[in-house]
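Chains as they are written, first to last, in our numbering: chain A, 17 to 237; chain B, 163 to 428.
No incorrect hints appear here.
Simulated pairs of lysine-lysine, DSSO-like, Cα-Cα distance not exceeding 27 Å: (1) A/131 x B/310; (2) B/255 x A/131; (3) A/227 x B/312; (4) A/146 x B/223; (5) B/223 x B/335.
Keep in mind that the hints were calculated from the coordinates and are not lab data.
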Amino acid sequence: MWSWDFAFSILPQLLQAMVVTIEATIVGFVIAALLGLLWTLCKRSPFTPLRIAVNAFVEFIKSTPLLVQLYFIFFVFPAFGVSLSPFLAGVLGLGLHYSTYLTEVFRTGIDAIPKGQWEAGSALNFSRVKIWTQIIMPQAIPPIIPMLGNYFIVMFKETPLLSAISLVEMVQTAQMIGSASFRYVEAFTDVGIIFLVLSYPASLIVGVINKRIKQRFGQSI
Amino acid sequence: MNEHVAGEPLVKYRNIGKRFGATEVLSDINFDIYPGEKVAMIGPSGSGKTTLARMLMTLEKPSKGTIEVGGELLWHRNVNGRLMEANASHLRKVRGQIGMVFQHFNLFPHMTILRNIMEAQVHVLGRTKQEAKEQAVKLLKKVGLADKCKAYPAQLSGGQQQRVAMARALVMKPKIMLFDEVTSALDPELVEEVLGVIREIAEEEEMAMLLITHEMAFARDIADRVVFMADGQIVEQGAPEQLFNQPKHQRTMNFLSRFSAQSQSV
Chain A
17 MWSWDFAFSI
27 LPQLLQAMVV
37 TIEATIVGFV
47 IAALLGLLWT
57 LCKRSPFTPL
67 RIAVNAFVEF
77 IKSTPLLVQL
87 YFIFFVFPAF
97 GVSLSPFLAG
107 VLGLGLHYST
117 YLTEVFRTGI
127 DAIPKGQWEA
137 GSALNFSRVK
147 IWTQIIMPQA
157 IPPIIPMLGN
167 YFIVMFKETP
177 LLSAISLVEM
187 VQTAQMIGSA
197 SFRYVEAFTD
207 VGIIFLVLSY
217 PASLIVGVIN
227 KRIKQRFGQS
237 I
Chain B
163 MNEHVAGEPL
173 VKYRNIGKRF
183 GATEVLSDIN
193 FDIYPGEKVA
203 MIGPSGSGKT
213 TLARMLMTLE
223 KPSKGTIEVG
233 GELLWHRNVN
243 GRLMEANASH
253 LRKVRGQIGM
263 VFQHFNLFPH
273 MTILRNIMEA
283 QVHVLGRTKQ
293 EAKEQAVKLL
303 KKVGLADKCK
313 AYPAQLSGGQ
323 QQRVAMARAL
333 VMKPKIMLFD
343 EVTSALDPEL
353 VEEVLGVIRE
363 IAEEEEMAML
373 LITHEMAFAR
383 DIADRVVFMA
393 DGQIVEQGAP
403 EQLFNQPKHQ
413 RTMNFLSRFS
423 AQSQSV
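Extracted from the complex, chain B is given alone in its bound form (with noise of 0.2 Å):
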């Protein structure tokens, strides 16, 4: 475990904060994550998770603090040593190595799916269309759904939906990529398909991963680091076994055990 723990974090939050009018959803959150390291998210609802990961993907602006990718500030510029805020096209460069998974898909409905999965290859790497296909296809394989090509997402059960979107998200190779509560929406049944097919993303890609997730056994099998959130602060991170068999925080004993019961009640 942790194997990847040296060298440079290649994302890195500072001192990050984040309200939305009076309320604090984040407070100063001083945060890692290292090249290829598989980082899990677990907290209540509500306890900032999401607006994390939507900071990195830039979906969503901080209200203090720095993010750095790749030793690169995110959303801002330094001029001269002081930080200015960084306008869109600085914004698209460093973005080009996030890519991200919904909680609903968002797949593209008016085209096909081998489209969805080529139309950013095409238009935003500049692949020619034959190489976009030839990529998509074989991530389509990957997922399991090769032969969906020609399918629009209304087609697709919820679960098809979200392993094309991961291949959406793929093809892109980002060097880190987020997943967003990327079964919550799905019914029971169809969770397990899209967990099978992140694991083995896990297991066969070089990128770091940040999982935000409810699947606790999930987190602890595929992670090599679990970070527990509550009220917008990260209260315990540590290897998975430790925080889920010794949590050394109450809120986070708390936490656990109301899942645990939930999921022996289950």
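Here chain A stands alone, though its shape is the one from the complex (with noise of 0.2 Å):
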């Protein structure tokens, strides 16, 4: 049986541990960004014993499950001394697993970059990081901003995972509010309706966001 009262009455609980799932997901993605990114230029060294050790890892991650890294960190981790919290398990492990799928990302920017654009930068005479920093990345970035905002959103709808490691994020409250209660049906109802009125404008914002680029930039990639 539905009951109204019960839904709305659980709302403020559920809301606090939406707080908990945004939290993650923006750590959780900043994570993700910065090790894609070091990854990119890993595997762009010129240096070979890198290119293939970050090739390896980066393939190791991506073949497997992310609930099983999210266990590894969270139970393994502590046998080598190395004790973390739920959050920051969660969000190493979220963002480790999709910094493998941003790399590919920060690639698709960067190849699109015409070669003449760095041969410019070594005529100047620029440093091989200031033809990245002034050269490169602001013109590989904006047109894989729609990509990253899409892993965004896919990354927010994860983060139930980081429940399996005693996460209390929202998916964790509702069980919690289900097992006391026996409501299971309010409780989840009321979860998956706050991630599609935060999922569903989110994307609307990514499709504007990847129009303006189109016009700004001509294409998107």
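The two chains are supplied separately, each in an independent frame; assemble them into the complex guided by the hints.
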């Protein structure tokens, strides 16, 4: 039996947990973006062993399930003396896993920059670092913003996995409400609606950004 | 003519060879450019002209031989009499004396015209923004585009973009400037405005110039020396009148006659 009263009464508790979900998404995304960029740069290094090592690592992370990685970080790391809170272990796992997808996104953006831009940078005697920061990245990033935005939304929807390592985010909270009251229907329906209310406008925003970027840069990837 | 050919060469190519896989693009090139000298390089496509210039700009590595700029090895370092490969910081140091204008302009599309010309001054030469801006405006005036400061490259015609690219290279005050077929990508009616600017630069600036071009009349006009290349070798070189009027080699004659036949038929 559906109870509107109950569905509304648990909202404050779920919204509180939503904050954790959003925090985990943002921190996880920042980690994913930084690591993803780092992998991309390493893969372009002239130092072959580094390239091989990073390629192997990225493939390994990409081909194993996020859930296993989360368990590993949360339950196995402590055996090596690294005990992380559920939140930290969660965002680290999420960020690491998605960094392997974001590195591809960065690669697409960088590969789209014509060779002539690198050559003009060299001819003007820019240092390696300045070529990256002043010439390549400012051109590579804007066209990939929509793709980054999509991954942000995907990561947001993946955060319930973090309940598996006891992070009290929305799904975990709903679970607890359900087991205490046996009203699972209201609890999980609420969670579904909250996800929808956040994800759908977010994907609309990404769509608008995509359009703007197309207008401004003539193309997006 | 050839009043510059005195003293030490600014650039020395010695026994330069280049292969891409099995194809030999350049074989055993020995070639000097003197300070302030304007050298035009002509020849059929694929003769290795561009590769020769790109090696000097450190965009292409020679397969063998050495290049010296201002008495310093470019791609190598002399360690106790043995030639070692130069590292990045050495390349950067020597490269600072060289500037280049490309066939496809290669302006930075995300920056205004003004910033295109300021950027390297600030980040490479360490000039203040104010100083860099003054210099940039001065050079934009010189190439006749002072009113385009705030425009983006995409808003300019090809000819205008190429003039900006020249200002961008000039502002760095190189000792030698390389022009790699800078009018080849332009619509025919835009070629003259770019050549005009180069002519002006050639007359006013002290620096040496290496012009790779298919504009024969232009080469003849502004060059102190013309070099004819074919099949990865320097076939013949000399003063413009000599090379254009009395070429010594059959290969040069064939090339030039094809060109004059073309320009007459146009």
